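S.K.: To convert, note that position 82 of the sequence shown is 82 in my numbering; the numbers rise steadily by one, no gaps.
If you are wondering where the hints come from, they were derived from the structure by calculation, not from laboratory data.
On a predicted model such as this, the values are computed, not experimentally measured, just so you know.
Keep in mind that a hint or two might mislead.
To be verified - Simulated restraints on C-beta separations:
1) 45 / 72: 16 to 26 Å
2) 96 / 12: 24 to 34 Å
3) 2 / 52: 11 to 21 Å
4) 2 / 49: 17 to 27 Å
5) 70 / 40: 17 to 27 Å
6) 72 / 12: 34 to 44 Å
7) 2 / 55: 12 to 22 Å
Every residue, glycine too, gets a C-beta built ideally from N, C-alpha and C.
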Amino acid sequence: EGIVQALDDHIRGSPSGPSRKKKQRKAMIQYTMLEGPTSTIECAHHLGKLLSGKSIIVNLIPYNQTCVSDTYSCPSKAHIEEFQRVVMGYGLFVFVRKTMGEDIAGACGQLVL
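Modelling step: build the complete structure from the supplied sequences, incorporating the hints.
M.R.: Right under this line is the structure:
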């Protein structure tokens, strides 16, 4: 709840400038798409309900696997698109980050020593 309250406070903004009018700001949520309980369609509905009515942009980030022995994987492209559609159904702007550099292990999150 503390994070949601902080987000609401940020969006509401604070008085600034000579008119002292409050200007509503936008915020961007970065949401890493991992195969499992955080990427279910039910979770997409929870996220949409939580953020509905707020000035939020959601950026879905497909997980990029690395060569280290991890147990994480990325949901299918079709599943990510369905997740996106569900969250958008709550009136939010939702984008899927384009993955680049995966073929040379240089995508976001893949640069490891």
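S.K.: Tell me the hint numbers this structure goes against, listed in increasing order.
M.R.: none
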